[in-house]
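2 protein chains.
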Amino acid sequence: MTDIPYKIYLEESEMPSSWYNLRADMKNKPAPLLNPGTGKPMTAEELGGVFCDELVAQELDDTTPYIEIPEEIRSFYKMYRPSPLVRAYCLEEKLQTPAKIYYKFEGNNTSGSHKLNSAIAQAYYAKKQGLKGVTTETGAGQWGTALSMACAYLGLDCRVYMVKISYEQKPFRREVMRTYGASVTPSPSMNTEVGRKILAEHPGTTGSLGCAISEAVEDAVTHEGYRYVLGSVLNQVLLHQSVIGLETKAAMDKYGIKPDIIIGCAGGGSNLGGLISPFMGEKLRGEADYRFIAVEPASCPSFTRGTFAYDFCDTGMICPLAKMYTIGSSYIPAPNHAGGLRFHGMSPVLSQLYHDGFMEAVAVKQTDVFEAAEYFARCEGILPAPESSHAILAAINEAKKCKETGEEKTILFGLTGTGYFDMVAYEKFHDGGMTNYIPTDEEIAAAVAKLPKVAE
Amino acid sequence: MTDIPYKIYLEESEMPSSWYNLRADMKNKPAPLLNPGTGKPMTAEELGGVFCDELVAQELDDTTPYIEIPEEIRSFYKMYRPSPLVRAYCLEEKLQTPAKIYYKFEGNNTSGSHKLNSAIAQAYYAKKQGLKGVTTETGAGQWGTALSMACAYLGLDCRVYMVKISYEQKPFRREVMRTYGASVTPSPSMNTEVGRKILAEHPGTTGSLGCAISEAVEDAVTHEGYRYVLGSVLNQVLLHQSVIGLETKAAMDKYGIKPDIIIGCAGGGSNLGGLISPFMGEKLRGEADYRFIAVEPASCPSFTRGTFAYDFCDTGMICPLAKMYTIGSSYIPAPNHAGGLRFHGMSPVLSQLYHDGFMEAVAVKQTDVFEAAEYFARCEGILPAPESSHAILAAINEAKKCKETGEEKTILFGLTGTGYFDMVAYEKFHDGGMTNYIPTDEEIAAAVAKLPKVAE
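Chain order of the listed sequences is A and B.
Here this note's numbering runs 5 ahead of the position in the first sequence, where the first position is 1.
Here this note's numbering runs 5 ahead of the position in the second sequence, where the first position is 1.
Derived from the structure by calculation, the hints contain no laboratory data.
Check each hint, because a few of them may be wrong.
[Claimed, not checked] In silico lysine-lysine, DSS-like type, Cα no more than 25 angstroms apart, as pairs: (1) B:133 - A:132; (2) A:99 - B:133; (3) B:414 - A:83; (4) A:406 - A:288; (5) B:414 - A:12; (6) B:12 - B:133; (7) A:263 - B:137; (8) B:433 - A:259; (9) A:433 - B:32; (10) A:99 - B:169; (11) B:133 - A:83; (12) A:455 - A:12; (13) B:137 - A:99; (14) A:169 - B:370; (15) B:288 - B:370; (16) A:288 - A:259; (17) A:12 - B:45; (18) A:99 - A:370; (19) A:83 - B:263; (20) A:259 - B:12; (21) B:45 - B:32; (22) B:259 - A:259; (23) B:12 - A:137; (24) A:202 - A:433; (25) B:12 - A:12; (26) A:133 - B:99; (27) B:12 - B:202; (28) A:99 - B:433; (29) A:433 - A:259; (30) A:83 - B:137; (31) B:370 - A:414; (32) B:32 - B:83; (33) A:12 - A:405; (34) B:32 - A:83; (35) B:259 - A:83.
[Claimed, not checked] If you want the ones that stay clear, here's a sample from chain A, every Cβ over 12 angstroms from chain B, calculated: (36) 116; (37) 378; (38) 386.
Since the structure is predicted, the reported quantities are computational estimates derived from the model, not experimental observations.
For glycine and all other residues, C-beta sits at the position ideal for the given N, C-alpha and C.
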């Protein structure tokens, strides 16, 4: 037995008091959002119609390295943070690997994931601006739940558009959001123009994150006193999620641990971007070196098979354009139970870093992911979310390589959440009914061919 | 802002190394279990047919105050313990009460409750004895999940009889247990003689804990290499659950906090007995005084409307007789969503303490409980289990009294678990379809009249 405890908890006094803005240390900044009408960078004024003011400032700020976390948000964080950094002793023993495995576990809150870190920040700034409420989309339901919790706490109205397939597969998610006073609508819906249009074109669609985003944005801009909030992709979200990485680094520093490999699942990039941020900052400043691995589903492989180009963040093509790795906003991914990873694009920050060679990416198959999830659950006790299990699988694969080579590498991964609301997917896995749909080259090429034309 | 953090976590080195056996400090010991055939106290040999040997020893030991926790169990505890002692700052503020409210939160593990504390202990001793597997019953599903997790970890077979109404209301619970490799059967079932008999007499029954216990015991005693394990009621379970109270007391002592009132929900008594044990020990030894309040559902009011007498622990009348507060083992409680509290009796240890005037009890209505649950969720963030919400309601009521009187009492309650698998009940509450069935005096009298005759 070593001196490293099973779980490292920081003291409240050791919790970060500022978020870290990774963009400040990037030489090649992420490309600005463009106005889809003019092709010009979105101004603060234009963004202010969609997002609340303070968040617009955070979205555009790529020079300030540290941004103070308001006292009210820090108080809220203390209700469920610091989250534990766990040493996976049991997993290591079961794998018989010389690798040392750690995971930052963000699932110990009712939203079931890291999403609450940004939800409370976005709700706080909306409240501060005197708004009535916010609208958003949710895939797996974790973001919607997180936002409902934050809004209930602050007394804000909350309208959630939930990807239809998740709405159907996760009936209880809706009830949790309702417990927190939110309204939940399956998307595409008849509530919005964009929803009606998508339903007319694809009557049987199971929805997608991109489509739900379009509806939520339209709802916000057409109602006085409402703004749209988003749980991933945006710079501001990665900023808020840096609390994950900052806590992780502080906990590791406290025990003199240095990770060799840092792994996270990647849908829009919020968890991965948050987890890696302080470590990536060190790498960018030449102070340390780490291997970073983004893990995405083979059914929606933005990094590994996408193109680095400007694209819409939403299917409805009403949002600003972002430069990112994308398989095309017109591509509707196959139903994949990791609903949180069914997004056609990837955070511009992470896309730029990947493009510049600072990180790697792998795509993994759903059935392999669930096999890893069950393996992990049985030895580490935690029932992981399908999204998080992508990172588990990659971590196990790296630990197995260490077993072959005898290397005692230190592997860190993000365990973003729990799978309590994913039992339909687990059931399908147990019953052998789970499939792996992998898009063909032709499908991706067709969607990429429809990318908006932008003169850069 | 005070110096007390939102969450107090002990260091691993501060975690208890022994369980505390409250019976050692009781002047009036809980009455022994009786053999229903002979009316004589059950011997170790007789109990050994049902329980594994080390657990029989713990069941019968009412003199040893501290029993060491084996190293293997302490390692397992470190995967999800210490659990946080939370200062409910937000709840206090919302209530505008001068009371200081603390709760010990046992829900941050995949079983979703404190049940894991005893599950791993019971599975460990079964494994140590070289058994093949264990059988058990589960009401809300938390105990079954906990046992599945413990068995998966140790490589034991696990057979769970799940109260039919819970099985139907919580389809995903079954899938969680399956993820951990357990087999789950709705009870009453055709697997056992007692199940077939109950089904013949009450064809439409929704089942009960007492009935599921009968089936699990029969399954164990009729299969070589199997023993029965129970998640509540028994002395051994309260012993294992003392880890809750020991951690709580250590955390409070660390910050110089002394509770005035200690509150817990009471079904079979495992959580309440565990939480109060070290505090009650001080009270019994005359070292300190505390008010203890057991909170039970008005639909199944063992303490407040039951009789202190010998009764069967199970509906099938095959288990030993225990002297306890009971509304009669033949009474089948109305469907109440707090499945974990639908037990006709109460732990003999707690029953004796209640009988001797060391604790109080209140019965509360289900709709009030859910109102308290939602109120709590919206300010403290945690979505509580219906069982736990009984304690929340009582704590809120005490805090409101403090507001009236201006007293700055310190209130401690046990938040035993999360409600992620109780969304059908929450949905019913939201839709206004929840009812409060309270047994009539005649119903209870009829069941009590059927109590077994025992010459004491």
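Each hint tested on the structure:
Only pairs whose Cα atoms come within 25 angstroms are accepted, and residue 133 of chain B paired with residue 132 of chain A is rejected, the gap being roughly 57 angstroms. At roughly 20 angstroms between alpha-carbon atoms, residue 99 of chain A and residue 133 of chain B fall within 25 angstroms of each other, so this suggested pair holds. Of the supplied pair hints, the one linking residue 414 of chain B and residue 83 of chain A holds, its CA atoms being roughly 23 angstroms apart against a limit of 25 angstroms. At most 25 angstroms may separate the alpha-carbon atoms for a hinted pair to count; residue 406 of chain A and residue 288 of chain A meet this at roughly 24 angstroms.
As the CA atoms of residue 414 of chain B and residue 12 of chain A are separated by approximately 33 angstroms, the hinted pair breaks the 25 angstroms bound. Our distance criterion of 25 angstroms between C-alpha atoms is broken by residue 12 of chain B and residue 133 of chain B, whose separation comes to about 36 angstroms. The suggested pairing of residue 263 of chain A with residue 137 of chain B is violated, with an alpha-carbon distance near 42 angstroms, which exceeds 25 angstroms. Restraint check for residue 433 of chain B and residue 259 of chain A: the C-alpha separation of about 48 angstroms exceeds 25 angstroms, so the hint is violated.
A hinted pair counts as satisfied when its Cα atoms are at most 25 angstroms apart, and residue 433 of chain A with residue 32 of chain B does not qualify at roughly 55 angstroms. A hinted pair counts as satisfied when its Cα atoms are at most 25 angstroms apart, and residue 99 of chain A with residue 169 of chain B does not qualify at roughly 36 angstroms. Restraint check: the Cα-Cα separation between residue 133 of chain B and residue 83 of chain A comes to about 41 angstroms, which exceeds 25 angstroms; the hinted pair is violated. Distance hint between residue 455 of chain A and residue 12 of chain A is unfulfilled; the C-alpha atoms sit about 48 angstroms from each other, more than 25 angstroms.
Using a Cα cut-off of 25 angstroms, the hinted pair residue 137 of chain B and residue 99 of chain A holds, with the two alpha carbons roughly 21 angstroms apart. Of the supplied pair hints, the one linking residue 169 of chain A and residue 370 of chain B is violated, its CA atoms being roughly 36 angstroms apart against a limit of 25 angstroms. Between residue 288 of chain B and residue 370 of chain B the CA atoms are separated by roughly 30 angstroms; this puts the pair beyond 25 angstroms, and the hint is violated. At most 25 angstroms may separate the alpha-carbon atoms for a hinted pair to count; residue 288 of chain A and residue 259 of chain A meet this at roughly 20 angstroms.
Only pairs whose Cα atoms come within 25 angstroms are accepted, and residue 12 of chain A paired with residue 45 of chain B is rejected, the gap being roughly 48 angstroms. This hinted pair checks out: residue 99 of chain A and residue 370 of chain A have alpha carbons roughly 22 angstroms apart, not beyond 25 angstroms. Distance check on the hinted pair: residue 83 of chain A and residue 263 of chain B sit about 23 angstroms apart at the alpha-carbon level, within 25 angstroms; holds. Distance hint between residue 259 of chain A and residue 12 of chain B is fulfilled; the C-alpha atoms sit about 20 angstroms from each other, no more than 25 angstroms.
Under the criterion of a C-alpha separation no larger than 25 angstroms, the hint pairing residue 45 of chain B with residue 32 of chain B is consistent with the structure, at around 22 angstroms. Our distance criterion of 25 angstroms between C-alpha atoms is met by residue 259 of chain B and residue 259 of chain A, whose separation comes to about 22 angstroms. With a CA separation close to 32 angstroms, the supplied pair residue 12 of chain B and residue 137 of chain A exceeds the 25 angstroms bound. Restraint check: the Cα-Cα separation between residue 202 of chain A and residue 433 of chain A comes to about 32 angstroms, which exceeds 25 angstroms; the hinted pair is violated.
Between residue 12 of chain B and residue 12 of chain A the CA atoms are separated by roughly 15 angstroms; this keeps the pair inside 25 angstroms, and the hint holds. Taking the CA atoms of residue 133 of chain A and residue 99 of chain B, the gap is about 20 angstroms. The hint holds against a cut of 25 angstroms. Using a Cα cut-off of 25 angstroms, the hinted pair residue 12 of chain B and residue 202 of chain B is violated, with the two alpha carbons roughly 50 angstroms apart. Distance check on the hinted pair: residue 99 of chain A and residue 433 of chain B sit about 43 angstroms apart at the alpha-carbon level, beyond 25 angstroms; violated.
Annotation: proposed proximity of residue 433 of chain A to residue 259 of chain A is violated, straight-line Cα distance about 42 angstroms (limit 25 angstroms). Our distance criterion of 25 angstroms between C-alpha atoms is broken by residue 83 of chain A and residue 137 of chain B, whose separation comes to about 44 angstroms. The hinted pair formed by residue 370 of chain B and residue 414 of chain A fails the criterion: a straight-line CA distance of about 55 angstroms is larger than 25 angstroms. Our distance criterion of 25 angstroms between C-alpha atoms is broken by residue 32 of chain B and residue 83 of chain B, whose separation comes to about 34 angstroms.
Distance check on the hinted pair: residue 12 of chain A and residue 405 of chain A sit about 23 angstroms apart at the alpha-carbon level, within 25 angstroms; holds. A C-alpha spacing of about 43 angstroms is found between residue 32 of chain B and residue 83 of chain A, which places the hinted pair above 25 angstroms, so the restraint is violated. For the proposed pair residue 259 of chain B and residue 83 of chain A, the alpha carbon gap of about 19 angstroms is at most 25 angstroms, so the pair holds. Taking the minimum C-beta to C-beta distance to chain B, about 9 angstroms, the non-interface status of residue 116 of chain A is violated against the 12 angstroms cut.
Distance check for residue 378 of chain A against chain B: the nearest CB is about 8 angstroms away, which does not clear 12 angstroms, and the non-interface claim fails. Residue placement check: residue 386 of chain A does not keep its beta carbon more than 12 angstroms from all beta carbons of chain B (closest about 5 angstroms).
Checked against the numbered hints above, the structure breaks hints 1, 5, 6, 7, 8, 9, 10, 11, 12, 14, 15, 17, 23, 24, 27, 28, 29, 30, 31, 32, 34, 36, 37 and 38 and satisfies the rest.
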